[in-house]
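Listed here are the chains, written in short residue letters.
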Amino acid sequence: MGPGERMVEPRYSNWTALRAVESARMLAACTACGACFEACPMIAYVPAAQGASAADTVRGVLAMLQGGQGDEAARGWVAACTRSAVCVPACPEAVDPMLLLRLAKFTAQENGTIPPRDAKDAMSRVKAFARLGFSETEQKEWL
Amino acid sequence: MTDALFWYGCNMTRHAEIIRLGTHMLEAVGVAAAPTGGPSACCGSPKESTPRIAEGMANRTMNSFNESGAKQVITWCPTCHMNLDDFMGATQGKQAESAHLAQALWQRRAALVPLLTQPVARRVLIDMHIGNGTGVNEAVPGLLRLIPGVTVLDHPYRAPSYMCFGLASIPGALADAKSNMLAAMEATGADTLVTIFHSCHRELVGLERTHGIRVLNWVHLLAEGMGLPYEDEYKAWRNSDDPEALIGAERIAAAGEEAVRKLVLPELTRPR
Numbered sequence: 001m002g003p004g005e006r007m008v009e010p011r012y013s014n015w016t017a018l019r020a021v022e023s024a025r026m027l028a029a030c031t032a033c034g035a036c037f038e039a040c041p042m043i044a045y046v047p048a049a050q051g052a053s054a055a056d057t058v059r060g061v062l063a064m065l066q067g068g069q070g071d072e073a074a075r076g077w078v079a080a081c082t083r084s085a086v087c088v089p090a091c092p093e094a095v096d097p098m099l100l101l102r103l104a105k106f107t108a109q110e111n112g113t114i115p116p117r118d119a120k121d122a123m124s125r126v127k128a129f130a131r132l133g134f135s136e137t138e139q140k141e142w143l
Numbered sequence: 001m002t003d004a005l006f007w008y009g010c011n012m013t014r015h016a017e018i019i020r021l022g023t024h025m026l027e028a029v030g031v032a033a034a035p036t037g038g039p040s041a042c043c044g045s046p047k048e049s050t051p052r053i054a055e056g057m058a059n060r061t062m063n064s065f066n067e068s069g070a071k072q073v074i075t076w077c078p079t080c081h082m083n084l085d086d087f088m089g090a091t092q093g094k095q096a097e098s099a100h101l102a103q104a105l106w107q108r109r110a111a112l113v114p115l116l117t118q119p120v121a122r123r124v125l126i127d128m129h130i131g132n133g134t135g136v137n138e139a140v141p142g143l144l145r146l147i148p149g150v151t152v153l154d155h156p157y158r159a160p161s162y163m164c165f166g167l168a169s170i171p172g173a174l175a176d177a178k179s180n181m182l183a184a185m186e187a188t189g190a191d192t193l194v195t196i197f198h199s200c201h202r203e204l205v206g207l208e209r210t211h212g213i214r215v216l217n218w219v220h221l222l223a224e225g226m227g228l229p230y231e232d233e234y235k236a237w238r239n240s241d242d243p244e245a246l247i248g249a250e251r252i253a254a255a256g257e258e259a260v261r262k263l264v265l266p267e268l269t270r271p272r
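For the protein sequence lines, the chains are Z and U, in the order given.
Once you know that position 140 of the first sequence is 140 in our numbering, the rest is easy, because the numbers rise by one and skip nothing.
Once you know that position 242 of the second sequence is 242 in our numbering, the rest is easy, because the numbers rise by one and skip nothing.
The hints are simulated quantities; they were obtained by calculation from the structure and are not laboratory data.
Watch out, some of these pointers could steer you wrong.
Said to hold, decoys possible - Within a straight-line C-alpha distance of at most 20 Å, the following computed EDC-like cross-link-like pairs (lysine to aspartate or glutamate) qualify:
#1 U/K71 <-> U/E55
#2 Z/K127 <-> U/D3
#3 Z/K120 <-> U/D232
#4 U/K94 <-> U/D232
#5 Z/K127 <-> U/E267
#6 Z/K120 <-> U/E258
#7 U/K262 <-> U/D242
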């Protein structure tokens with residue numbers, strides 16, 4: 001492989017295109033059967049999802065993907081997704097529900113449906129630990 | 001021109017010794033990898049709640065990888081690893097092969113085995129999580145079984161998520177994972193809990209003080225088998241009654257007293 005050659009070519013021009021194409025694909029493929037919800041190990045930690053209809057909750061996530069509010073169970077599930085990935089093989093339509101929830105979370109955080117993660121100090125903390133643990137040479141070469 | 005990069009991520013700055021050991025181990029099996037990470041080599045994940053900013057960070061990092069000429073990117077952080085293949089690779093393309101450190105070492109185990117000369121008498125249970133696409137759940141047990149004296153115990157429990165980080169912000173989830181892992185240790189007769197990722201190590205090292213078990217990262221254990229010295233300062237700080245005194249005034253001053261007081265000490269002194 002020569003300089004500048006890529007071993008993997010980009011499939012999308014940017015994240016906006018990726019989100020648009022993948023969202024359209026998932027909206028077309030998902031039948032809201034609820035298999036992803038039933039497989040998810042995090043449902044136990046979503047109070048609003050206890051006893052909720054799997055199909056209705058998935059429809060709520062699809063609504064959030066399109067900029068809607070979803071219902072309380074859907075909002076709680078999207079917020080609690082930790083990418084266990086159990087939903088991926090559980091889906092009979094190869095939707096990739098883990099990506100569905102992730103993209104729904106992007107949109108929901110952008111439009112204020114769910115609060116954004118507070119990461120304002122994350123990078124300052126990373127730097128502070130580096131200054132404590134790395135030598136001066138390591139700080140110069142590793143960061 | 002760099003032959004390979006060891007992309008350790010950002011939150012690994014808490015664990016400098018793991019970066020040093022990982023780099024040394026790669027070199028020992030024939031991979032000269034330059035460590036890179038921190039905010040300037042971010043995958044964008046910490047800013048995903050603002051995707052436009054996350055995209056900018058990810059693009060900058062991917063461009064620097066592609067421009068470095070590196071033929072391999074050896075990862076540590078599972079979030080970075082997954083982002084490299086999905087959002088970053090899908091939108092920027094990839095010039096380098098990528099593998100997690102555990103996979104890279106496992107693939108070169110023929111060169112590693114002769115270096116594992118020191119017996120390590122431990123019965124270990126690995127803090128396994130359900131999800132991750134990094135291949136570590138297969139590679140780490142294999143690597144630990146190469147260390148003379150180590151017994152790797154099997155238990156079916158797998159914690160949700162792909163590392164402890166995601167669980168920490170969900171009420172009850174991390175506490176359940178700790179409790180289930182301790183029960184699995186008791187059921188198997190394990191004396192040592194082995195963490196795979198940094199966020200798990202960060203969350204679980206406190207069990208050493210509260211439950212009388214040993215908590216080591218898999219890289220630490222491999223280092224012991226190779227006879228490599230190391231010091232897990234994060235664990236020592238986290239389990240100290242007075243981490244400020246343990247770190248020492250001189251280091252705190254050099255790192256910036258205000259930042260250490262605001263950002264570091266609250267993490268080290270939070271409930272275990």
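Broken hints, by number
Of the numbered hints given earlier, those the structure breaks are 1, 2, 3 and 4, listed in rising order.
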